[in-house]
Amino acid sequence: MAALKEKRTCGQRCEDFGRFVWNSDNGTLFGRTPEKWVYISLYYVAFYVVMTGLFCLAIWTLMYTLDPYTPDYQDRLPSPGVMVWPDKYDEEHIVITYNSSDKVSVSKMSSCLHNFLGQYNDTLQKDCDHNCTKGKYFMQHNFLPGTHTKESCSFSVSQLGNCSGLHDPTFGYNCDMPCVIIKMNRIINYLPSKNNTQDIQVNCTVLEGEENVKKIEYFPENALMDRSYFPYYGKLAQPNYLNPLVAVRISLTGKRSAKFQCRVVADKITYENIHDPYEGKVVFTLQNLHVPSSPSSVHHHSSTL
Amino acid sequence: MVEGEETNFPLNARDCLYLDWSHNNGHLCRPLQDDHEITIEELEMRYDTSIKKGLTSSFASQVLERDGPNALRPPKGTPEYVKFARQLAGGLQCLMWVAASICFIAFGIELARGNLASFDNLYLAITLISVVVVTGCFGYYQEFKSTNIIASFKNLVPQQALVIRDGQKNQINAIDLVVGDLVEIKGGDRVPADIRVIFAQGCKVDNSSLTGESEPQSKTPECTHENPLETRNIAFFSTTCLEGVANGIVINTGDRTIIGRIASLASGVGNEKTPIAIEIEHFVDIIASLAIAFGFTFFVVAMFIGYEFLEAMIFFMAIVVAYVPEGLLATVTVCLSLTAKRLARKNCVVKNLEAVETLGSTSVICSDKTGTLTQNRMTVAHLWFDNHVHAADTTEDQSGQSFDQSSETWRALARIAGLCNRAVFRPDQEGLPRLVVGDASETALLKFTELTIGNIMVYRDRFNKVVEVPFNSTNKFQLSVHELEDPMDLRYLLVMKGAPERILERCSTILIKGQELPLDEHLKESFLTAQMDLGGLGERVLGFCYVYLNEKEFPRGYKFDSDEMNFTTSDLCFAGLISMIDPPRATVPDAVMKCRTAGIRVVMVTGDHPITARAIAANVGIISEGSETVEDIAIRKRIPVEQVNKSDARACVINGGQLKDMSSEDLDEALRSHPEMVFARTSPQQKLIIVESCQRLGSIVAVTGDGVNDSPALKKADIGIAMGIAGSDAAKNAADMILLDDNFASIVTGVEQGRLIFDNLKKSIAYTLTKNIPELTPYLIYITVSVPLPLGCITILFIELATDIVISLAYEKAESDIMNLKPRNPRRDRLVNEALAAYSYFQIGAIQSFAGFTDYFTAMAQEGWYPLMCVGLRAHWENVHLQDMQDSYGQEWTFGQRLYQQYTCYTVFFVSIEICQISDVLIRKTRRLSVFQQGNKVLVSAIVFQLLLGNLLCYCPGMPNIFNFMPIRVQWWFVPVPYGILIFVYDEIRKLGVRRNPGSNTFVIVDNHPPPLPLVFLVAGCDLKHKEKVSAFFHESLFCFSRYFTSTPH
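Chains as they are written, first to last, in our numbering: chain A, 1 to 305; chain B, 1 to 1050.
Calculated from the structure, these hints are not laboratory results. Glycine included, every Cβ here is placed at the ideal spot set by N, Cα and C. Check the hints yourself; a few may be wrong.
As the list claims (entries may be wrong) - Partial pick of chain B residues on the chain A-facing surface, computed with a CB cut under 7 Å: (1) TYR558; (2) THR749; (3) ASP884; (4) GLN897.
What the hints assert, rightly or not - Distance ranges between label pairs, derived from CB positions: (5) A:SER156 <-> B:ILE105: 54 to 62 Å; (6) A:GLY254 <-> B:TYR955: 29 to 37 Å; (7) B:PHE309 <-> A:SER156: 44 to 52 Å; (8) A:HIS114 <-> B:TYR123: 43 to 51 Å.
Put together the whole structure using the sequences plus the hints.
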């Protein structure tokens, strides 16, 4: 015990450590002879090779059991999320701020939407609508022969009407009638409503600044997401699948700032999960920084459209 | 011990004049007073007092003001807040404090960078601090409780003293005594201060608590020695006056008394760190260096990958903190206090929690004799009559065998012993042991005759005592004359006892089988042999004889004169010898034996005489049968002592005088070469030197003792053990552990519990360490491969603090051979060594990590995220603004959904660690034996509890948002099971290796003895020489390989 309790000076400690690093008496380096180090390293290499092998085997078995078309479980996807474009955030919330008199700001917004809608380009869409019956779930129990895929109904950007960007490449951001696009996340085999009769509809409400909102318009008409886009069968089965979209054109007035909640309404879509604000709905603030001095200008703009 | 032998006061103050004791703070070696040498008149002058009237009250109060009260100043108590602070400042605690501050810094950095979301570091810091504080409170409470138990043993009744002031006798509190006071003491009193005796009548004092002598010392007014400690005219503070009366002048009070000086000598001895504290510091060193090495490596890696400096810094801190075993502190504290409680039930109270373990590491016990090994009461041990030695029953509860009592001679002997005896039982006593007023040997005889012939008081009344001559040092005998109980028989009976040779001189006949035979040479010789034999056993021998006085010469009414002795005192009839000793406690020989089996050396260190000490040592087994000292060999071989080869002698008895002339090297050498040591007539300082010498030789030393003279050694020892009933307050103050029932055998229990706790701590630590790796690797993979975080901070805390402690509570019974092993070698057999850490971290921990990741990737893949997709996913995964992230199947996930998926991963990783840890705890619960050889119900219930807790965390509603646990799919519980089985099998193979190669210790990772095995030997399959079977070859070589990596770097 006494030896352990001895108070050693720093120099002695360093010396001891030095001897630990290289002990010339028995030729040990860090407490082992180089020879022993080689063998112990070999053991560890072998150990880890075997362990990694077992791990890889386990992962391989796992992959082997997986169905490439559908995931085994969708425990964390009880209800789809909903998102709005342009997806401009401040710190935490979606705040779509633009300045209708500032060209840079307008083009930023419109290019965001153009990018987003790029994949919906009409020419890219194959015409495969022959089996799509509007208003009914497009159930496909079997794969198409040959390609081993399933058909998907096309969604062309023209269905968005005035918000398609085809007629107005600025999507209304150069005035007080900007378009936002609502998209619902896709979930494999998910049917938003129980029966074939209820519509899947987008419904936007004004949460704050109701006096600044003159009008809300939906494209396609009735804000419908057609049932023929559901269910989704996965990336592998439906490589060309596109989520149905709903564009919302909002006419701002007054202070030109308001907070909206756009909800996809269907009986199976929940939207009141406080821990996931994007489940079944999206909340965003829309604001035009350019507030014209005279009320006539508002009138002028709206009249041109 | 023949009465009257020149006694040599063991507390030899000259020792310190000649020797340079390292602990000599001058307490005992102040120039000693000559108060005992000067005349009474000079003494009166010196202290302004009078031997008739005493001090005047007014002067006494002046002196009291000057000198202070006559009481030992209690050792400076540690303030409570310091005691509490100590609980917060151990090795592990410091580690946790550092970790907590790192967490605060990391939190500060995150906050400064505007990352408001991450409060994990803050939670972690708070948890770390609360763990330290809570365990601190727990430990403090435990120690507080045992302090209370000990305090309750203190004698609170204030001592009284009879003092003469202004010529008036007064009863005052002893603390008000001052130097110069004239005091009176009588049998039964405690001596209230150091006193110069000026008048004494048959005064005997028991010095055993001061010097360890069981013999009472007589006090007389004459100065018999120049040394105040050896002279007879000084009685010492706190010793007990057994009989007689004395008057004396107080010459020292309070701390200036001899006892006060010894007590303060003890307080000058510093407290040593306990072995377990040293072990834990060693462990902390290992942890800290590993943590920093790991952290730094990944800091560099993170910088290389391209993280920002601050981010890499946070990684570094997180890794360092992740290395801190949060649960271990609680585990250690809980283990220690559970054992302390268990010991308290067995009447061992531990003052300092850590001392619980010290006893287990003990390799030498230095035991005091009187009161510790022996009963501290004289008892009749042997009788010699009818020309035979008879052994009496010396057990405390009279449960032993008695001798044949049918002989007439015995009846005569018992009558003499009963009648020629002045000791009496104190009246009005109920229950045992009954208190006796009288000399120790008379007490022994009284109790002995009471037991053998019935109520001795009634018996004495039947034999009316006519005259009595008390013992004095010139006569060396005591006699009394009685009337006979038969009223018709008018003879007087003279009974006499005394030093055997003096008695024999007066005898002409001897009683053999009831027949009075002439005392011839043959009988005389056998008498002498018996006397020598009994004396050689360290026993005090008394002779007994009687005579019926001639009826004509001494008719009824004859005036006997005790001074003149006008009656027959020669030609008596010799009845027999009775010898007495302070016998060993019944449990001691067995306990000493057990200590020996456990590889613990028991060394006797006593203040008593060498012969007595040796006899007791032989009796209890400290000197084993057949062991000889150098002197014995010299006598047997008939050669001078110098010619004896010292290494031939197993035993050695060294007395204080010899010790004084030995250098510390000599002492070390003596301790090294003689396994059986007895030190006799040692002073308190010498006890200290012996302890130091043992410690120099690398032993962990336990000291047991009860007297004030033991207190410095008790303090110096690694663990001091004091006796609760017989022990003096000074001894109790200095000790770390107190045996409430004074039972030496409790020490064996203590050793067993201490070893058990060390084993169990080792197992717990091995278990706790292992899961540090599966807790750490997720973070490392997260940094380097950028997968979504597999294991969160709160989850880790749950593993550490909830499930871990539960498992460690599963107290393991001793592996059957625990008391047959040698004490651990503190230099080699560490609590945690590198081999254990490497095995836990890089093998078992690695397997657990693989298990966790398998389960993690399973949970991810089955929910839609393929393993390869996970790689590099971190940036997108953690992007709060990305609400439609696509998985491997094309499904789109919001951030919230991804977060719950991440919690799912935490949970499956948690479950994997839990499952693997069940396997781990099973393998850790035995060090050598297979799990199947040692079942444990508590362990099974702990595992079940752990699983239930895991289930509660997973499936209790609300958990996801409170503690980030998700209700996971049932089959994910089973993914890690194959890995658990792998761990189990892997370790069973290792243990098989341990058992198959008991000598090599290569498979032993826990108790490690480095085996430098040549490689050829290894690869060729170890012991092919011995094990010819080729079929065994494969297994053997497998073992040999595992042997290599498990061997210790030395």
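Cross-check of the supplied hints:
1. TYR558: Not OK, violated: B:TYR558 not within 7 Å of chain A, min 72 Å.
2. THR749: violated, 23 Å
3. ASP884: Check passed: Cβ of B:ASP884 comes within 5 Å of chain A, closer than 7 Å.
4. GLN897: Check passed: Cβ of B:GLN897 comes within 5 Å of chain A, closer than 7 Å.
5. A:SER156 <-> B:ILE105: 54 to 62 Å: With Cβ atoms ~57 Å apart, the hint holds.
6. A:GLY254 <-> B:TYR955: 29 to 37 Å: Hint violated: Cβ distance 52 Å, outside 29 to 37 Å.
7. B:PHE309 <-> A:SER156: 44 to 52 Å: Since the Cβ atoms of B:PHE309 and A:SER156 sit about 50 Å apart, the hinted range of 44 to 52 Å holds.
8. A:HIS114 <-> B:TYR123: 43 to 51 Å: Holds, since A:HIS114 and B:TYR123 (Cβ atoms, about 45 Å apart) stay within the stated range.
Taken one by one, the earlier hints fail for this structure at numbers 1, 2 and 6, listed in ascending order.
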